[in-house]
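Residue numbers (my numbering), protein chains in the order written: chain A, 1 to 475; chain B, 1 to 475; chain C, 1 to 475; chain D, 1 to 475.
Think of the hints as simulated: they come from the structure by calculation, not from any bench. Among the hints, a few may not be true.
When chains are identical, the list treats them as one kind, so a pair holds in a single copy or across two.
Quick list of in silico lysine-lysine cross-link-like pairs, DSBU-like style, CA-CA up to 35 Å [stated by the list, open to error]:
(1) Lys376 / Lys50
(2) Lys6 / Lys50
(3) Lys6 / Lys239
(4) Lys71 / Lys400
(5) Lys376 / Lys400
(6) Lys400 / Lys148
(7) Lys71 / Lys365
(8) Lys50 / Lys364
(9) Lys50 / Lys365
(10) Lys400 / Lys50
(11) Lys365 / Lys408
(12) Lys6 / Lys400
(13) Lys365 / Lys376
4 protein chains.
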Amino acid sequence: MVPWDKLREECGVFAIVSHPDAARMTYLGLYALQHRGQESAGIATLDGRKLRLHKDMGHVADVFDEERLEKLPGSSAIGHVRYSTAGSSELTNAQPIVIDSWRGPVALAHNGNLINASQIRRELERDGAIFHSTSDSEVILHLLSRSKRRTLVDAFIEALRIVRGAFSLVVLTADYLMVARDAHGFRPLCLGRVDGRYVIASETCALDLLDAEYVREVDPGEVLIIDEDMVESRFPLPKEKPAYCIFEHVYFSRPDSFVFGRTVDTSRHHMGIRLAREHPVEADVVVPVPDSGVSAAIGYARESGIPLEFGLIRNHYVGRTFIEPRQSIRNFGVKVKLNPVREILAGKRVILVDDSIVRGTTSKKIVHIIRGAGAKEIHLRISSPPIVGPCYYGIDTPTKRELIASSKTVEETRRFIGADSLGYLSLEALLESVGDTGCYCSACFTDRYPTDVAHEEMQKELFGKRLEDILAPSS
Amino acid sequence: MVPWDKLREECGVFAIVSHPDAARMTYLGLYALQHRGQESAGIATLDGRKLRLHKDMGHVADVFDEERLEKLPGSSAIGHVRYSTAGSSELTNAQPIVIDSWRGPVALAHNGNLINASQIRRELERDGAIFHSTSDSEVILHLLSRSKRRTLVDAFIEALRIVRGAFSLVVLTADYLMVARDAHGFRPLCLGRVDGRYVIASETCALDLLDAEYVREVDPGEVLIIDEDMVESRFPLPKEKPAYCIFEHVYFSRPDSFVFGRTVDTSRHHMGIRLAREHPVEADVVVPVPDSGVSAAIGYARESGIPLEFGLIRNHYVGRTFIEPRQSIRNFGVKVKLNPVREILAGKRVILVDDSIVRGTTSKKIVHIIRGAGAKEIHLRISSPPIVGPCYYGIDTPTKRELIASSKTVEETRRFIGADSLGYLSLEALLESVGDTGCYCSACFTDRYPTDVAHEEMQKELFGKRLEDILAPSS
Amino acid sequence: MVPWDKLREECGVFAIVSHPDAARMTYLGLYALQHRGQESAGIATLDGRKLRLHKDMGHVADVFDEERLEKLPGSSAIGHVRYSTAGSSELTNAQPIVIDSWRGPVALAHNGNLINASQIRRELERDGAIFHSTSDSEVILHLLSRSKRRTLVDAFIEALRIVRGAFSLVVLTADYLMVARDAHGFRPLCLGRVDGRYVIASETCALDLLDAEYVREVDPGEVLIIDEDMVESRFPLPKEKPAYCIFEHVYFSRPDSFVFGRTVDTSRHHMGIRLAREHPVEADVVVPVPDSGVSAAIGYARESGIPLEFGLIRNHYVGRTFIEPRQSIRNFGVKVKLNPVREILAGKRVILVDDSIVRGTTSKKIVHIIRGAGAKEIHLRISSPPIVGPCYYGIDTPTKRELIASSKTVEETRRFIGADSLGYLSLEALLESVGDTGCYCSACFTDRYPTDVAHEEMQKELFGKRLEDILAPSS
Amino acid sequence: MVPWDKLREECGVFAIVSHPDAARMTYLGLYALQHRGQESAGIATLDGRKLRLHKDMGHVADVFDEERLEKLPGSSAIGHVRYSTAGSSELTNAQPIVIDSWRGPVALAHNGNLINASQIRRELERDGAIFHSTSDSEVILHLLSRSKRRTLVDAFIEALRIVRGAFSLVVLTADYLMVARDAHGFRPLCLGRVDGRYVIASETCALDLLDAEYVREVDPGEVLIIDEDMVESRFPLPKEKPAYCIFEHVYFSRPDSFVFGRTVDTSRHHMGIRLAREHPVEADVVVPVPDSGVSAAIGYARESGIPLEFGLIRNHYVGRTFIEPRQSIRNFGVKVKLNPVREILAGKRVILVDDSIVRGTTSKKIVHIIRGAGAKEIHLRISSPPIVGPCYYGIDTPTKRELIASSKTVEETRRFIGADSLGYLSLEALLESVGDTGCYCSACFTDRYPTDVAHEEMQKELFGKRLEDILAPSS
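Just chain A, same shape as in the assembly (with noise of 0.2 Å):
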């Protein structure tokens, strides 16, 4: 993979209930939030009372084709993809993950992280339970099956009490749909309809492209079960303050989709617009880092008057694997996904748009190639403010200490990256951009967290709680 450096989305989820082609519909869903992750892709199904699974690394063209397809017969499914990284990446935490328990087979795919889900794992050990893979969704499938709730619904209720984090979840079982997301609302889901049936997605585009009709979001703290006839929505979570995740916005949800009440390239375009009220500029022309910058940048470009070209070219051709010459040359990993247009920054003054920098490295090197090309000067604008704090609701950080902006001032970044200035969007005008009423989650920007993360994560190994003590909270 050419290393590049952004944030990345953990994963994206689908589900549909009791339409004819669902192994289909849910291929189809997957492929459009493709974007969300490429390390693996997979999809169960509900055939009869028996749920059956495929799952494989790589991207849904290539995990399924019609042979696959057709060994995933049943009205139901669910589906998942997942980011990819260097290391970690096994077959063992592709998702769905498929158990069976006392309570029948159940199939869950997850979008989000668990914040404590490293103390319940532990909780659940010394109780005897074993874990087949390195995935905090796993003790979702412990809870629920350890729950003395007699219902499915109450087991998965009670699961999801004792969890806490970011978690948009489908969870297909031989009864009916379990759908949830989390009280703070981190992650989108939204709930669409075609053909008479129900279909959760993470985001929109998954419903456009099956012509699906957008009926809304799953709310935060909401849990839906859904068959065949019908969609029951409740409530059974404390009720928290919103924490929808601002990045969102900012760079992982399609252009297309409408995520959290607002189309996404409505937002970046706001942002590209208040950051040329910021961060004005003389300048020749408005070239954006394709494509995370476009959308702002064509509002920086509308708003300053500046002209918008597209002076880098991206090769959209860039495999998964790539071998790189012997003698490596320089900004090679960029080089191969961005060729920068001669033509039109030779001898120009250049606003290079992005919409985040995380360690810098690739902003650097973007800069020197553009450089190379002859810009006279490169001011950089970033669509959003400086990334300070790392996320624990299901964003792939890297540690604080690589977060260029957590130990260098924005002058001091600057030199690093190379350009001759530097200007980010202020949270405000992030905010403003997306249209906030302090629903947000932007603690990537401010290091302050929506849930006591810090206790999680420094005191749990002090946490002396039982876990049957967690077990029956209602009790």
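Knowing the structure of chain A, use the given hints to seat chains B, C and D on it.
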């Protein structure tokens, strides 16, 4: 797969401790044990205190290559080959099974079958356990993890006391290799030594390939704890009457293996001799069904003085998949594997020697083929008694109804198969051929089981004991 | 493959001489040229005096890995990517083609199309030649081998004098690399230099990726003989009027490439400007069809003052195969690739910009999608004239009948597509946009061909000249 | 591949005409001929007047599956299996070779070796021909295409008159199947009939699998023209003394095949009888090297009265690749394939029977293994004479220097191998065993070749005849 009417061994296991080339040695060991399972192959190694695993569907030679073995560093390893069935073969059931628990990572490879697995599973599930496979071996790992015993060895032993049935087990942990054979000793398991290190294998042919010295059998009911320097032996299980699987000598084990204190080829040779005495017939030629009938046919020919000829030639290139012609030729499944030598058979009175008859369908086709090659008479001789009962100890047997001997007399079987005469070896002669001194299980020939199978199978629904009780038998 | 109504470039070629990392450099070059052909990829290297070859169906990233490149030692190499069609794609037609002859081994990679190939082939066949592919390029190798000229270069030139049509060729032999571009210069071909060694590529974007310096275009009618130290240039072909393929600027080449003396992006930008002048319309937003319409849309927006928006989002993860749902959703092939942004389009008067219309089927679906997203008016603007004639020079065009502009007026086309208005760029404006000084072939827009195509195509059956005569034109 | 010191047959061929299931029948035929070549497999079918081809490296079962066979429609087909060598195995050399020429498409599959191929190739190349493979078979297609003869059959015959050496050929064209066997009849080829249609195969075991009736051998020098209704036989080649390859009976052909008028197993049985008479020895047991020595060992045991035992067990799961342990165990290549049965060998005087010795390396290892299993004496008996000359007629022999018998006396060989005694069958006895009446080629045992090989091999550089002269022998 070309269908072949044989009972099938479920698995082969291998282990090696503290050897610099652990993964490769295990690969070789599995290579030699390939006849015990062609469905899947897997190796788990201990690298530091971390377990690494690779397993996949297919033969050892296909599942592993240089690159794969390179990715299995570490000085201890266990390996497993599994048999092939049409439907239920799934990667999730392949072994070794690797899990994580509060006792750390554990890898297990199991040859045998636990007769109370489904009951224990139900109990464990009622207590909240979740299962990732349909393998009976998974319950051992649950029991191991749930045990409150302080040491891993004690927990392992506690688990072994709960399960009943056949198990030849290797369990790799961060501290040592644990090995166990059930108290009846149903399946073989031997201890060897190479380069000063210990190895464990289902059959001695694996030791031979590695130039490992044969030390001894793992005894029935014995548990070995092996680390770099020592082998500790314990006998923690209640003593039982030995019940070695006689079919290992009839068909499963390789003729060059030394199993249950006796070379398999010797046993088969004797079976042939006794068969000639019990069922003599005037004939021109003794023809084995290759390769299973060869050793017995040599014995029969020797004893009878009738010349041995290879009148059936086996095609050794038969692959796992096979495409039949559209207008399917009669007896095709057999013809692709065996071709008659007309010169040897035409006009002759043929004694056809095979090791066993299961459903009778393949025997019928072979007799048809030999008749088609011009044989004047065909006298089928079987070097074991009629199979009348299914096996519960690790052999894949068809249902009782499918066993031809459970519903047909010998004469009816003869007529079905189309032979001119049919003679089975008596149980008495078989037991003498393997040098029995009351240590063998011959339940498949007698329907008399060494464990209380009926109880297990029929009354387990009524079985009300709580798992907690089972889990603390010594308290 | 998702069908997409586009003309398709046939191939890209690359070569490098006397470089220690020849195979890897070629791999990288092909990576950058991937957009010119996604059907197959191949590399031939010269190892000592022996040619080595690997080619297969698929993308460069899939066809080659470390192991494959290791097996291609040698200091000179040529590479080829080929376009993808549904039916006739076969490995035997993949390039480079490597053959052995009395002149030694020869490898050839060809971009273009020979208009008299079938005639020469027939002549060669009559003379006993046998063909291993249906590729027109194979005839060049036959002619080269049959030539009586003493040197390989003379033989190559003799062969080039016989073939007619479009060829940008690299031919690797044991002694040197031979490069040729036909006298009309239909297809691009450029010379670069990296690490003191020469490289040849279809487009400059391949040079950029390697940090190679752009030296110059290979001239029309030029033959280069390249070895370690030198480039020898010859002009042995009868001079012709230049006829550069204008479609390279309209659609084929990457916008960052410098082709026929001009950056492609610049041309496209100008096309957009001229399009705005020729077909102005009152509207709210300019929306490109990504990625082909982007550069022109920027020009159109700039000139018209109407804001640019990315109202269609492209899914970059669309693979080579795609499984449709059973009850196929209307416009599915397009929907999986493009999704409308309702927020941008709803209630708006939209100017939709694309580069060309071939059959009109895709345009019709895109217009339908945009209308479905709520657009009030849709004004389709095409940055090139109507395509009325097939290409004989290396572009995969449908038959004349399938070209919508060959049978429908602009108004009829508009009605078929369902747009509110439709405007094509005039040929005059297109030619000015590419800075033409009489050097471009625009036969697909005019049906006037720079070579005597009608004669070739219609009368070749009557063409009685013997191959011998062709083979000795100078005697 | 596990190295094994054997001569290797080059190929097997198969053909069927006007059968509704042509591709599948050919697939089955190749399945039965798999022992004649494990490197590559291919099938070409005639669909209407168009040839279709699939070939790849690997076994028949791996190269073809349902999907592949579905893509080979048509009622006539030819197939080919090719042997495996370490280095030069390449897909381009796999057969059938399919070419296009003025006579239309032609597919060819060839078993044998043309001794004047390189000379003809040089002539053809001088005349401008280009070669796509290094296969000698390609020259036949060139000659066929270059012939001026009016009909394809006449052209084929003309080509056959030019080539010299061994050929059992099937050639599929749009009009009929052409079959040829060289005038010496080096390699076998037989004609059969199934479902009223004609089939051609290298060995009768392929007919047996299809339930095809054996009609007769294709005679030496015979050309058959086969279409739906008829077989036309011609004898257009100059008559030669027959020279059937005696090694087909010694080792290559399957024992159940009827080759050169005699069942192979019968020949081998007789070889064993004669071997016992020529080289008797007091011993306890006769042990064959499986599988090649089995038939002769049975004969030896019968004649000598010494009991036969399978003291070496073959592992039938040995794959094409094999990974050795790092500190390679001595004799490993042999050990993975053969394991001794200590019980049979320990303390015994063993007569070890094999079919031939090539380099002696494998025999040495086997003797070492048997000695290691405790044998007291080892008397090696070989059922053919010492191999002293390479084969020029389609067998892969090492160079003369590598043949142990070309440089060592029998006593020296015995010492090298480490046997207590060594006896080869005399040529006289071998010829009698195969029922020879002066029709066999035994050049590898005598160094006396039935064709003027020395001339071919040594003087071909001086050979000045022009190809034109060769091409017009009848003018």
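Do the hints match the structure? See the list:
1. Taking the shortest alpha-carbon separations for Lys376 and Lys50, neither the intra-copy value of 65 Å nor the inter-copy value of 49 Å comes in at or below 35 Å.
2. Taking the shortest alpha-carbon separations for Lys6 and Lys50, only the inter-copy value of 30 Å comes in at or below 35 Å, while the best intra-copy value is 40 Å.
3. Taking identical chains as interchangeable, the C-alpha atoms of Lys6 and Lys239 lie at most 35 Å apart only when both belong to the same chain, with a minimum of 32 Å there against 53 Å between chains.
4. Proximity of Lys71 to Lys400 under the C-alpha cut-off of 35 Å is restricted to the inter-copy arrangement: shortest distance 31 Å between copies versus 45 Å within a copy.
5. In this assembly of identical chains, the alpha carbons of Lys376 and Lys400 lie at most 35 Å apart only when taken from the same copy (34 Å versus 49 Å across copies).
6. In this homomeric assembly, Lys400 and Lys148 never come within 35 Å of each other (Cα to Cα): the closest approach is 41 Å inside a single copy and 40 Å across copies.
7. In the homo-oligomer, the alpha carbons of Lys71 and Lys365 lie at most 35 Å apart only across protomers (32 Å), although the nearest pairing inside one protomer, at 46 Å, exceeds that limit.
8. Taking the shortest Cα distances, Lys50 and Lys364 never come within 35 Å of each other, neither inside one copy (53 Å) nor across copies (38 Å).
9. In this homomeric assembly, Lys50 and Lys365 never come within 35 Å of each other (Cα to Cα): the closest approach is 52 Å inside a single copy and 37 Å across copies.
10. With identical chains, the CA atoms of Lys400 and Lys50 are at most 35 Å apart between copies only, with a shortest distance of 27 Å across copies and 45 Å within one.
11. When the C-alpha separation of Lys365 and Lys408 is checked against a cutoff of 35 Å, the pair qualifies only within one copy, where the shortest distance is 18 Å, while the shortest distance between copies is 50 Å.
12. In this assembly of identical chains, the alpha carbons of Lys6 and Lys400 lie at most 35 Å apart only when taken from the same copy (14 Å versus 47 Å across copies).
13. For the identical chains of this complex, Lys365 and Lys376 are intra-copy neighbours only, at 16 Å inside a copy versus 43 Å across copies, given an alpha-carbon limit of 35 Å.
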